[in-house]
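Going line by line, the protein sequences match chains A and B. Counting with numbering that gives the first Met the number 0, you get residues 0 to 390 for the letters of the first sequence. Counting with numbering that gives the first Met the number 0, you get residues 0 to 390 for the letters of the second sequence.
It should be emphasised that the hints constitute simulated quantities derived from the structure, not laboratory data. Just so you know, not all the hints are guaranteed correct.
Partial selection, computed: residues in chain A whose CB lies under 10 Å from chain B [unchecked claim]:
1. 100
2. 130
3. 214
4. 335
5. 381
Looking from chain A toward chain B, a few residues come up when the C-beta cut is under 8 Å (computed) [to be verified]:
6. 218
7. 289
8. 338
Distance condition first, Cα-Cα at most 30 Å in a straight line; then the derived DSBU-like pairs of lysine-lysine [said to hold, decoys possible]:
9. 170/A - 137/A
10. 385/B - 73/A
11. 50/B - 314/A
A virtual CB, placed ideally from N, CA and C, is assigned to each residue, including glycine.
Here is how the chains run, residue by residue.
Number of protein chains: 2
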Amino acid sequence: MTISKGPQAFPRTEYLRRVAAVRSKMVQRDIDVLVVTDGANITYLTGYTAKSPNDPKGIVLSMHQDEPTFILRKMDVPAAVHQTFMRREKIVAYPEALMGNPDVDGYDALIDLLFDVGLANRGVGLELGALSAHSAEKFKARLPQARIVDCSGLVTWIRMVKSDLEISFMKEAAAITDAGIMRAAEVIRPGVREADSIAEIVATLARGANGKPGTWIATPFLCSSPRTGTSHITWSEDAFREGSQINLEIAGVRHGYTAPISRTFSIGHPSDRLRRVHEAEVAGLEAALGIVRAGCTCSEVAQAIHRAMEKLGVKKESRCGYPVGIDWMERTASLKEDDMTVLKPNMTFHVHLGNWMIDEEFGYVISETIRVAECGVEVLTGAPRKLFELS
Amino acid sequence: MTISKGPQAFPRTEYLRRVAAVRSKMVQRDIDVLVVTDGANITYLTGYTAKSPNDPKGIVLSMHQDEPTFILRKMDVPAAVHQTFMRREKIVAYPEALMGNPDVDGYDALIDLLFDVGLANRGVGLELGALSAHSAEKFKARLPQARIVDCSGLVTWIRMVKSDLEISFMKEAAAITDAGIMRAAEVIRPGVREADSIAEIVATLARGANGKPGTWIATPFLCSSPRTGTSHITWSEDAFREGSQINLEIAGVRHGYTAPISRTFSIGHPSDRLRRVHEAEVAGLEAALGIVRAGCTCSEVAQAIHRAMEKLGVKKESRCGYPVGIDWMERTASLKEDDMTVLKPNMTFHVHLGNWMIDEEFGYVISETIRVAECGVEVLTGAPRKLFELS
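Build out the structure end to end from the sequences listed, making use of the hints.
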């Protein structure tokens, strides 16, 4: 195959640094090989951003070889050659006959590879939090001599601290996010269908900002009256009305890196309740921004939010945010009172003051994507931190 | 909570019919309760289409109770009340404290529920193909008295045969898909960035067709020169050029139901190779459409495709399609020569003649979403079945 390498999102040295960081954790876990099957972790270690989440694929990272091997469906090999930093010979195709086959699948080919390189009877790390029970059973059954170690989260925790290059993509993504919010403020009007506003918003997220296009469309969430008490609804078939409240959550994406934001819109004057909740949530958000810095804990951030909000008479029950990066949420720490994770420079969080007062059939959202700095915080998203009043 | 029911995609009787179909399979599998955790299967059994794929949620369908119970994160309960056919008391919240908690999660609450209703020591069906190995371990460890039965695919195979109401949503989705293709033909021009064409295409998919908006944005795939040999790439940062070939795969969505299509575009006259491959692929596609009817097997469809294409000197290695419905692909049968699944009326397939000639750095796509009829085929997508020549 002669397909050319595309422009790489990161230089080769950046990927090798990431691989080295994973390798040092592998030493701590006393494993000889790590099998990475989580999609965002594969993106992190290779640069591959093509999307076929249901097809088995995996990185085999051995302690005894310099560079990882990427095994995936034959059809997807050209995209991997084109997108990733990896040399052609490190990208291995499994045959199309393994697709839709009840007996064997791509993970069988990956296990065969472990046998071929003499690792089938060694310490094998698997991501058991991401792998299906079926697939995990296959690994256990076919590798009876291996010592299988659960390495869920090993790569994800490394991803938490971004390089400056990753931060620059987060900033590009955040600029796209902001453009999406400003477009929403232009197009949300009485009589406009929710879907037509989403059309304009997602088009903006694709076109991007500052000459940098969006590289993917993250699912937007739009929960409007009478559904402001709901979360995670994409949008409805209704049109906006005079007096509608709109809770919008969107994210620009650059090379997988995702910078979410939430803002609340009101068509016409917001109710007293909405205004009061908005003030409390902004106070909570700004309390968080006032305390975030390297060395501070997730718990301290959550406490600051709760204290500020409660002073203004509003309680928030759900957690106050989570790390963001490739493919939106990273499943590691949470901004909640019982999470003692210590913040480090270049961690990025979605500080999310979404709040659903379920018994009152009412919700409100505001959030920012932030970077933890040595001595404070850098807010990456820049849309006005206000309750948008539209006419 | 007083949140109102939203307009339901289907009448209550449709959901009860689906639940009854699942129950009859549960009898065959000799289980007392089925735990459904696959997102598309949850949509099928409830109408829930909100998106929070990483948060544990599940349907508990007992043989001893009339209607299923839906357990999910407290924040997501209002959306479930609003969107689903289910009575309020059948929707159970687990507390926000279970989110981002290393020790317990929402599945623990689901397991608690199994104890509460006396099913923890009975035959318990789990979808082990969709559940992570971690979560499956939790079920096994906490339910030592249960007889756990792998019911992966049980609901998915039932979904394969659509009701007429589901077909009507597939048709609405297909009309949106067609609108997306026609918009692509308008906006793909030399000098236009791929991302700007995607902006117009996804906006069209959101606006919908015939007054019916799209209800979600399925990821579009756009693989253009020099990347036509790749698959599953979303799009690149390039602009189209004179002579570019563009392989586009998109899908309109209505209430989860997805109708994909692929078409190939050429800016300027297509090369002889492209034209020759196009003719062979269309011949394969039309051979499939000529043979599909109830009673025919997946194998026979694949054989017809291969025969027609090989007559014209083109081989296709990857499978020739798969069932479609909620959330694009259903993981059941495949249109491949060794799949003896018998087609039934109202099965729907994405007949996919995508073909990547990997050693030649070249690919081509054409496909349709079809419905199997008693005596033939109904092609749901209707965009011109041609190689689009753009100037």
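Each hint tested on the structure:
1. Using the Cβ-Cβ criterion of 10 Å, the hint placing residue 100/A at the interface with chain B is satisfied: the shortest such distance is roughly 8 Å.
2. Here the hint on residue 130/A is kept, as its CB sits about 5 Å from the closest CB of chain B, short of 10 Å.
3. The criterion of a C-beta within 10 Å of any C-beta in chain B is met by residue 214/A, whose closest approach is roughly 7 Å, and the hint holds.
4. At a threshold of 10 Å, the smallest CB-CB gap from residue 335/A to chain B is about 6 Å, leaving the interface hint in force.
5. Here the hint on residue 381/A is broken, as its CB sits about 21 Å from the closest CB of chain B, past 10 Å.
6. The closest approach between the C-beta of residue 218/A and any C-beta of chain B is roughly 5 Å, which is under the 8 Å cut-off, so the hint is satisfied.
7. Hint status for residue 289/A relative to chain B: violated, with the closest Cβ pair at about 23 Å, above 8 Å.
8. With 8 Å as the threshold, the beta carbon of residue 338/A comes within range of chain B, its nearest partner Cβ sitting at about 7 Å, so the hint holds.
9. Annotation: proposed proximity of residue 170/A to residue 137/A is violated, straight-line Cα distance about 41 Å (limit 30 Å).
10. As the CA atoms of residue 385/B and residue 73/A are separated by approximately 27 Å, the hinted pair is consistent with the 30 Å bound.
11. Our distance criterion of 30 Å between C-alpha atoms is met by residue 50/B and residue 314/A, whose separation comes to about 25 Å.
Comparing the model with each earlier hint shows violations of hints 5, 7 and 9; every other hint is respected.
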